[in-house]
Each structure stands twice: as structure tokens, then as C-alpha cells.
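Peer 1: Below are the chains, spelled out letter by letter.
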Amino acid sequence: MSTNAQKRGFGATLWDYLTTVDHKKIAHLYLIAGGLFFLIGGLEALFIRIQLLKPNNDFVSAGLFNELLTMHGTTMIFLAAMPLVFAIMNAVMPLQIGARDVAFPFLNSLGFWLFLFGGLFLNLSWFLDAAPNAGWTSYASLSIAQTGHGIDFYALGLQIAGLGTLIGGINFLVTIINMRAPGMTYMRMPMFTWTTFVVSALILFAFPPLTVGLFLMTFDRMFGANFFDAAMGGNTIIWEHFFWIFGHPEVYILILPAFGIFSEIFAIFSRKRLFGYSSMVFATVLIGFLGFMVWAHHMFTTGLGPIANAIFAVATMAIAVPTGIKIFNWLFTMWGGSIRFTTPMLWAVAFIPSFLMGGVTGVMLGSAAQDYQYHDTYFVVAHFHYVIVGGVVFALFAGAHLYWPKMFGTMLNEVLGKITFVLFFVGFHMTFFIQHFLGLWGMPRRVFTYLPGQGFETSNVVSSIGAFLMAAGVIVLLINVIITSVKNEKVGNDPWGDGRTLEWALSSPPPYYNFKQLPLVRGLDAYWIEKMEGKKGMTPAEPLGDIHMPNNSFIPFLISLGLFIAAFGAMYHGDEGNTWGIPVLIFGLLFTLGSMFVRSIKDDHGYHIPKEELIDDNDKGVKA
Amino acid sequence: MANEQLNSGNPRVDIEYRRKKNAEEMKHQVITFALMIFLTLIAFVAVAYEGFTGWFIVPFILLLAVVQVIFQLFYFMHMSHEGHEAPKLFMYTGVLIAFVTILCYTTIIWW
Amino acid sequence: MHVEEKMTVETWPAAPEKQTLDAKNKFLGFWLFLGGETVLFASLFATYLALKDSVPRSDMPLAKDLFEIPLVFAMTMILLTSSLTSVYAMYHMKNFNFKKMQVWLGITVILGLAFLGLEIYEFNHYVHEFGHTFTSSAFGSAFYTLVGFHGAHVAFGLLWITTLIIRNSKRGLNLYNAPKYYVASLYWHFIDVVWVFIFTVVYLMGMVG
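If you read the protein sequences in the order shown, they are chains A, B and C.
Take the first sequence: its letters are residues 8 to 631, numbered as in this note's numbering.
Take the second sequence: its letters are residues -10 to 100, numbered as in this note's numbering.
Take the third sequence: its letters are residues 9 to 217, numbered as in this note's numbering.
No wet-lab data here; the hints were simulated from the structure.
No incorrect hints appear here.
Okay, derived cross-link-like pairs now, BS3-like style, lysine-lysine, Cα gap no bigger than 27 Å in a straight line:
| no. | chain 1 | residue 1 | chain 2 | residue 2 |
| --- | --- | --- | --- | --- |
| 1 | B | K9 | C | K107 |
| 2 | B | K9 | C | K108 |
| 3 | A | K425 | A | K279 |
| 4 | B | K77 | C | K188 |
| 5 | C | K14 | C | K178 |
| 6 | C | K108 | B | K16 |
| 7 | A | K497 | A | K425 |
| 8 | A | K543 | A | K497 |
| 9 | A | K425 | A | K494 |
| 10 | C | K14 | B | K10 |
| 11 | A | K609 | C | K34 |
| 12 | C | K178 | C | K108 |
| 13 | B | K10 | C | K108 |
| 14 | C | K14 | A | K618 |
| 15 | A | K542 | A | K279 |
| 16 | B | K16 | C | K107 |
| 17 | A | K538 | A | K497 |
| 18 | C | K107 | B | K10 |
| 19 | B | K9 | C | K188 |
| 20 | A | K609 | C | K188 |
| 21 | C | K188 | C | K34 |
Residues from chain A that keep clear of chain B, each with C-beta distances beyond 12 Å, as calculated:
| no. | residue |
| --- | --- |
| 22 | P62 |
| 23 | W133 |
| 24 | A327 |
| 25 | M371 |
| 26 | H436 |
| 27 | G449 |
| 28 | P451 |
| 29 | P502 |
| 30 | G595 |
Some chain A residues close to chain B (C-beta under 8 Å, calculated; not the full set):
| no. | residue |
| --- | --- |
| 31 | I184 |
| 32 | F212 |
| 33 | P216 |
| 34 | N242 |
| 35 | I244 |
| 36 | I245 |
| 37 | H248 |
| 38 | I252 |
| 39 | F299 |
| 40 | L311 |
We put the CB at the ideal spot given by N, CA and C, even for glycine.
Based on the provided sequences and hints, a complete structural model is requested.
Peer 2: Okay, structure coming up:
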């Protein structure tokens, strides 16, 4: 049982996590790794704000500033937001649909290790050469011209991490389609599961264009290809399109799970069924679909011509409709509910106006003619931070507080949680609200400093102070986590008292096999239905029997390690006098292929937990 | 195509029935293959003949390719069988996005 | 373990590739992967179409100078036929005829090798006869990337199917390896699907001009 794990030594625990295929432990890994990268990205943001604190500042050089802003964006999107979202998906989604694990536990682990090695590779750039410095979008003409290995780290690191994400997406899709508990129809799935489903579909179709784009960039920079070199017949716009065909769905990949988390929170803490469930599902699917049809609104000023700009502008504004449906549904969920302002609920309530502002500026930017005015100013910076921080980061904080007991068995302190909220909320609006105006006044984004006497001074000071408030909020959260872990006061199945979905029917944290007997789902908010009928738990849908479990495996780590090694070979082989590059590249790829080969020929049937063992600890898991 | 066949209760009869059904299906597959080869031949001949303009040949051979791929997906890969609802949904979506991508790269990149 | 149970003709199910939950997951997961691959290859096709005949100097070869019908025709026929042979293999799998299935898969592998050999010859020909290389122009980069990605898929498929044939040669068919075979054959068909578009869009349309 999971309690045994804590009694074991550090080495055994480490090995357990290195080889685990349990979705709950992989969720821990994603949370820790993503949290670490979140802190690194946050530190980079602080350096940016310190540099912009006053005109003509020399806290960092112009070159370092470019690296900081590039790595801040790249880290936050790919290495912090994505894995943190994956952490919550892994921790909660299989429980919500009443599954014992994901469809491919092995691939789940592989996805994590690929992400981690990709992220490590990217961040090693700080120590080994120079960090990437062409912006997180890494537009081709600039990124091809950059000397040093910075962009190589970007292309190869994201390639490896992206592969992991793609694998994760397929895994979640199959899990949701094939492994729902008896009675869990599509239209009874919790909103968070629905958003996970749509997001996974977006990942499936959005990541291949990124893969191709990154391959082209790798080939151009390291293997002498000419995709983006106009002098050789190349075309620099190819990168831009690939990046945004991927990049726009990517922002929906981030925001939809946030919508899902908030949908759960509004229902739980209003003690009401989510208002307009079916319209929420419809809106989620529609946002996912439209998300693929709008990418060129990032490229209005590229010169695509008025027809293309008009089409993409209209499609962009259409997204406001399903998003509006969602906002109203959340408001109506709260309407007449008996609301409890817990920490997750505070984040959720604060999310609505914050995100709405980002949405409104989004419609402004989506109007092609206006976009020429806003393009590359701080207005854009303010806009996307309002949607990403006001939407995604708020949701991650809310989700962390909400699901902490389900992931670790302990409750985060509510008082500290509320302090985190206040600090971060105030800091967030202080930092970014003023940036709208900075942009309208003409301050360009991505520039390392500004001159005195242009009217930017005070606003930048305000913005920087806000950044430090956000940092303070995060520190309070870290203290909260430490205090909670040290106290280690275990809580019961449903610590919030108003859990509605299946995950709250299980102990916190759930036993490693999740459900002793698969539960019978009788409607939306399955656990709530049982509670309202006075039952203590779910009705089982099957007799008690042996449970089939997958074996742990170290191979995912090795497969990822091989690609990590190969990436070094690919990067350095072009250096003058380099002789080991190509051999290392080949060795790394063979190492990966060999690991896959071993996986392929070695049968892995998993093992069974005998029925008798399950009867022994009858107090855990689903109580019949 | 899963195990929906009616069971007669007699395994021997079931096997005979299934054998026959599989053989029948295999015959269809061979016919499909013949058609695919035929379509390929037409495409190659159309290009080799040099008598047609590109304005005719290009859409024509693209159409042949699409038909051939439909054969491949629906018959060789059994997408026409039951139990392929999710694969169909995701393949169609993939094709849609593939189409939009290619449309973009043939229209709105600088030339 | 029941998935490894010795099966007989009598106990062999009609759809062995989807008998267990693991098999169903594998089946669906692989189809989804193919959905993603569709977009991947579409991206490569899009790049190729954008950069077709885009060369820095006017004396460099274009598509219509490079491609010749006989070689492409041979490659196409070989790959199409290998698709049929893998259909035959799956037909025998459903009938629980392990030996015949292995033989047909073996033929598939040989045809795949022949295809790959012709492709290597073709690339070599372009490089040495025409100076059309990966680095000589954007057209070259795009051509070799698209066709090379397909070739790499063929090579990977060959390794995969060969591994399956050898790994299972002693133990015969069971419900554990049947889905593996099935999924590998799906992959092989998908390679064929991509090739249909490559010979049409790259070669035939290239020759039309």
C-alpha cells in the first residue's frame, strides 16, 4: 500500500519514483518538476522586472535580457504550465472516470521522462553555452542567424519534451474513451475530464506541426538544410506558420483544463450542479475546434493580405461566443448556491473578471486593423499574461489547493492559502494592468531598456513592485507546502465536505489500485447522487475480484536518456574540429531504439493483486 | 466485426462460417487491390502520355490518389468495420487539419 | 495468465486484435497516433509544396528534370503489393494460421527492403548525377525531408515487423501478440497511404511541372 512506501528508505523511494507507472505518482513527478521549472521561470521574470525598474538600467546586459525573456516564455509555457496541467490531469482524471489507471501506464511514465529530459536539456543551456535568445516564438530569420548554441538547445529540448506531451495526449484520449466505469457515459463525465479529453485531442493534432517545425529548424541550424534561408530558396514564413498552427491550439491546451478545474470548483463550493453542463461540453468542443482555425491572427502584420487577415479575424472573434457561454454558466452556477469562500473558490471567483479582461483585449487584438497598432507593444504582453496568469496560473493554484488532499492526503493551510491569494492577486493586477497602458503609450515589448522622459518610469516601477508581490505569494505557498508536509495530518475521503465526483469517494490519497471494485455511475456528479441518498460510498458495479496491475519499469527513463544523449551529439557535431558529435548522436539514438527493443521483446503481463489481500484492508478504497 | 456474429452453439459450424466469411472478405480485398493498381496505372499513364494539360492532370491524379487512399483506409485498414467510430472521428479531424495546413502553405505564404 | 494461454482454432476469437482491454487500448491508441501522423505528414507535404522548385541558381535541377517514371512506378508497385501481402497476413491471423501469417509478413518485409533499396539508389542517383542534395537548395531540403521521413518510417516498420516475426516464431499466436501484429500491419498500410500521396504529389505532379 502507499503507506508502506513512506516507511522505506530514500533510495527505495527514489527507485520507486524512477520506475513508477502509477498515474498518481507520475502526477507527483509532474507537480514537482513543473513546480521547479515554475520557480525558475518566475526568477527569470523577476530579473526582467528588475531590469525594467528604471530607465537605462544595467542590471543585465541587452544580450542576457534577450535570453531571460526567451527562457521565461519557453519555460513557463512548455516546462511549467504544461506539466502542472498534466499533474492535475494525471492525479484526477482517472479517478473521475472510475478507472484503475490510465490506458498506457508505461507510456505515461515515458511521457514524463521525455518532458523532464527535454526540460533539463533546455535549461542546461544556461551553463553550457548561451541560453536561447530569439524569443519563445523563435522566428526563423532571427533564430537562424543567431550564433552559439542557444537556439539549438531550444529546438532539440522542445523536440524531446514535445514528444512526451504527444504521448501523454494519446494516453489520456484512450483512457477516457475506453476505460470509463460502468454507467459513466460521455455526458456524465465531470467537466474536468471533458476538458482533458478535448485538450488531449488538441495535443494530438497541434504537436505534429511543432515537431515538423522544430525538425526543420534543427536541420537548418545543425545539418545545413535551407528551409528558412531565402538566399538558398527558403522561406522564413514557413516557421511562423508551423509555430502558430501549433502555438494557438497550445494556449487552448493550457486554458481548457483551467476551465475544467474552475467548473469543478464552482460546483463544489456553490453546492450546486454545474449550470448548463451540456452547453459547457459544447462550448469546450467548439473552442477546441475553433482553436485550430485562428492561428494566423498572431501574424496579421506579417503581410498575409487582407483576405486572409479578414478570415482569421472573424474566426478569432467567434471564439468569444463559446467562452462567453462558459463565463455565464459559471456565474449562474454560483447564483443561488450556498457559497463557501475557501481558497480554491477565491481563485475561481477572482478568475472570472481577470480572465474576462484578457478575453476582451483578445477580441481587440483579434481585429486585424487594430492589431497593427497593438502589435509588439506591451499591450500584447498585458493581454496574454491576463489570459495565461489570470486563467491558467490561477487555475493551477486553485487546483493545487483543491486537490492537494487527494494527491498527498493532507490539507494545505487555509489561512496561508488566502494570504497567497491576496498577495498574488494584487501583485498580478499591479504588474499587468498598467502594461496595457504602457503598450498604448508606445512601449515596445522585448526591448531591454527605455529612455527617461518618455512617460514610462512610474508605470514600470508599479509593474515591478507587483511582480515582487506575486513572488511573495508564491513563497507563502511554498511555506504552506512545507508546513503541511511536516505536520502531515491525514484527512478523510472528502475533506472539503462537498465533493461531487468520483475522486472524492476514495481515500486521500487513494490506494494504488484506486478502486477495489469499479463503481456504478448513476448520473452526473456520481458521488453527490449517492450522498444525497444517504449512502456512504459508491455502489460497486462488479464483485470483488483479483485486480490486474502493471509492472514498474525503468525503460521509460532509458528511452528518454538516449534521446537526451543524442541531442548533445546533434548539437555539437557541427562545431569546428568536432569529431565525437556524430558518434554520440548515433549512440544516443541506438540507445533509445535498443531500449524500445528490449521493451518490445520482453513480455510484460503485469501482476495480480489477489482478492484475499483486498478483503484484508476493507476499510480502504471503495466501500461497498 | 468484433464478436457480434451469432453463435450457433456448435464451435465447428461457427469456425466454418467464420472461415467462409474471412475468405469472402479476402476476395474483396484482392478486388480492392486490383482497383488500386488500376488507379495507379491510370495516374502514371496520364502523366506519361503528355497530351493533357497540367490543369487537367493535376486535379485528376489527386482525385485518383484520394480514391485510392479511401480504399486503403476503409478496406485494407478495416475502417469500414464496426468498432471504428473513434478512429474515424480522429482520422477525419486529422484530415481536416491536414487540409487546412496544406491550403495555408499553398496560398498565404510569401512567394 | 490468460492472454498467453495456448489457443486453438476453436477458442480463437473472431477479432483477436480487440479481445482484451489492453488490446482495445492498443488498437485505439494506435489509430489516434495515425491521426497525429496524418498531420505530421501534411506538414511535411505543405513544406514541400511551398518550397518545390525553389532553388538559388537557375542551372540547378528542378522536379521535372529529376524524376523519371520507371523507377517511381517500380517503387509504387512494390509498396502497394506489400500492403496486400500484409492484408493476407492478417487474413491468416484471423484464421489462426500462424505459419502462413509469418510467411506473408516475411514477404512484406522483403518487399519493404526492395523499396528501401530503390529509394537509396534513387537518392544516390540525384546526388551524384544532378548535384541535388539536402543542402544544395531549399527544394532539396524539402524533398529529402519529406521522402526521407517516409523512408525512415519504412525502415522503422521493417525493424518492427522483423522483431515481431522473430520474437514470436517459437510460441505461435496468442491474445497477447495478436494485437501487436495487427497494429504493425495498420502502420504498414499507413506508410502506403502516405506513399500514394508522395508518388502523386511529389513525383507525378513534379513531372507535369
